[in-house]
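> What follows is each chain in one-letter form.
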Amino acid sequence: MSNKIRFVQGNEACAEGALYAGLSFFAGYPITPSTEIAELLAERLPARGGKFIQMEDEIASMCAIIGASLTGHKVMTATSGPGFSLMQEAIGYACMAEIPCVVVDVQRGGPSTGNPTHVAQGDVNQARWGTHGDHNIIAMTASNHQDVFALTVEAFNLAETYRTPVILLFDETVGHMREKLVIPDPGELALVERLRTSVAKDVDYHPYLPREDGRLPMSDFGGEHRYNVTGLYHDMWGFPSSNPKVVRELLHHLIDKIDNRVHEIVRCKEHFLEGAEYVLVAYGASARSAIHLAKERRGKGERIGVIELQTLWPFPKALIREKCRGAKAVLVVEMNMGQVLAQVRAAVAEPERVFLANRVDGHLITPADIKQVLRVLQGRGV
Amino acid sequence: MAVHDYIRQRFFPHLWCPGCGHGTVLNNLLHAVDELGLDKNDLVVTSGIGCSARISGYVDFHTLHTLHGRALAFATGVKLSRPELTLIVPMGDGDALAIGGNHFIHAARRNIDITAIVMNNKIYGMTGGQFSPLSGPGILATTAPYRTIDNPFDVVELARAAGATFVARSTTYHARETIDLLKKAITHKGFAVVEILSQCPTYYGRKNREGEAAQMIAHYRDNTAPVGSKALAENPGLIPRGIMVEAQRPEYCEAYEAIIARAMQEAGR
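Chains U and B, in that order, give the protein sequences. Our numbering puts the first sequence at residues -17 to 364. Our numbering puts the second sequence at residues 19 to 287.
Because the hints were derived from the structure by calculation, they are not lab data. Be aware that one or more of the hints could be misleading.
[What the hints assert, rightly or not] The following residues of chain U were derived to be distant from chain B, with all beta-carbon distances above 12 Å:
(1) R(-12)
(2) R30
(3) A79
(4) S201
(5) D202
(6) N210
(7) G213
(8) D217
(9) K299
(10) R303
(11) D351
[As the list claims (entries may be wrong)] Between beta-carbon pairs, the in silico distance windows are:
(12) H274/U with E272/B: 49 to 55 Å
(13) K299/U with Q283/B: 20 to 26 Å
(14) T14/U with R28/B: 30 to 36 Å
(15) I277/B with F(-11)/U: 24 to 30 Å
(16) A279/B with A172/U: 43 to 49 Å
(17) R303/U with A279/B: 37 to 43 Å
(18) I277/B with K277/U: 28 to 34 Å
(19) D39/U with A279/B: 55 to 61 Å
(20) N45/B with H188/U: 41 to 47 Å
Beta carbons: idealized from backbone N, C-alpha and C, even for Gly.
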């Protein structure tokens, strides 16, 4: 089969990417602006023998996909801010019990019901710290449909590799915008399948004893190994424990399995970064405007470049520090009050050179909006 | 096999208080599984949070100890993704019908093939004796020092109205009855609810002066009667035991298989 060229919404690109990655179970609850993902999968999943279920709320949706992941399925749910809030407890469960799953949050304006049909990027910190307690998480984003597709595939790969929830933090603009998507041929993008245990039947299987590389080979529910899965701190059999050594070692394992592999996990794109005096750090829909502006100003001889973040968590601190080193100023472009700004300031050597170009009124930040701030930094007035 | 063949002895002793009814429920459940001759690899026990929920850790099946109130939502994911597995969901009264009430009625509405066991001790035991939505009015609890004013749910009527196709009630006194009801519930195709009145002498009994475990169990003997019995007809104040609902309606996973067949056929055209 040759590549298929499609003209789709970002939400459709996400659903197509999930199917390409091998999604076979989706549970969800309607919410703007993510609903198209559920609608498309309700049609497509059963046609390939997969399962779609509309649950009674987002809490139940998150719980259902965790249950289905345990039987060996690649699973996903999709939502927006209010639903993402409801999912947080179960996301923490998936962190603790190390259940592979993908959670899509197509961001809209918050807090609360907020601005449902308008764009925002205010859930960056919630993706990192929405659930309680120390934990680690992977969150990714994309600015165009080809990347939405590719990063959705990557989200499944990372979820399976690290046995963790992976958050796809898209936004209303990318979710609802239509543009070209070329669906790759099977095999064109690498897929990671779940690592399953090689422990033989009737041999003591330790579901929560990590290998030296930190990975945990799984056994499907319904298979030969019967074990316990819990959100409590647990020993290598998955049985609850409050033994201080068990608690400390498990928490360290949950943090380290991602922290020790940041360089393998993080993805970003560089646009016009060569010799850039002014570096724009942007992601999602904001990156579209940043890239547009940089391209236009380069044409006029201004040395402006863009770092487009695709991995938001773990935050690519070392990479940002390195790429921003020579810049006169760094301008973080985002549609919130400075959530990534704080991360960039913490990452670079000279945080006083990092500034914010944001828009928080429900409208997409434009190249002109960014240019206005840039002009001040360049000392060229407004 | 014997009952001890179904437990994880490594994880004993259990954490329940002396006199707690939940050990009796565990014993009854394992007898039911044994008498049905179920393969341990085909059984998934999913539970939430609370004293009752700890059952899942002690049984040698695939076990999923989840979040407070959400056991049925997790179980729905397990069951729909692998319908050949047998799902048993033991819950406490607060777990099933306060925080988990929404999932309870929706699992019943779908008629998904899961057996829900509500171990009703009318109290939150794990957190130290707060009243639950099944306590009813006039009860003393740590959060009701002046006695409760909240009306209780009737689990049986709630499950019936929500669409459960098998609903039964028993008590920890009626062990043999409980085993038989659990066997019927597990083999029933559809959402089955078994409410088991289970004593909490530590928090409920002591505070409400209902005595030790033995007296509380005797209370179940003296204040319940089988459905359709003369005793119940003569004294409607007694709590009915036995099967209250047994109906056949399309089961959710089977209905979804028909969706798959249709979607595949249409995709193939």
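> Next step is simple, just say for each hint if it's right about the structure.
Consistency of the hints with the structure:
no.	hint	in the structure
1	R(-12)	holds, 17 Å
2	R30	violated, 8 Å
3	A79	violated, 9 Å
4	S201	violated, 9 Å
5	D202	violated, 8 Å
6	N210	violated, 5 Å
7	G213	violated, 6 Å
8	D217	violated, 10 Å
9	K299	holds, 32 Å
10	R303	holds, 39 Å
11	D351	holds, 42 Å
12	H274/U with E272/B: 49 to 55 Å	holds, 53 Å
13	K299/U with Q283/B: 20 to 26 Å	violated, 52 Å
14	T14/U with R28/B: 30 to 36 Å	violated, 49 Å
15	I277/B with F(-11)/U: 24 to 30 Å	holds, 28 Å
16	A279/B with A172/U: 43 to 49 Å	violated, 32 Å
17	R303/U with A279/B: 37 to 43 Å	violated, 56 Å
18	I277/B with K277/U: 28 to 34 Å	violated, 47 Å
19	D39/U with A279/B: 55 to 61 Å	violated, 29 Å
20	N45/B with H188/U: 41 to 47 Å	violated, 28 Å
The structure is inconsistent with the numbered hints 2, 3, 4, 5, 6, 7, 8, 13, 14, 16, 17, 18, 19 and 20, although it conforms to all the rest.
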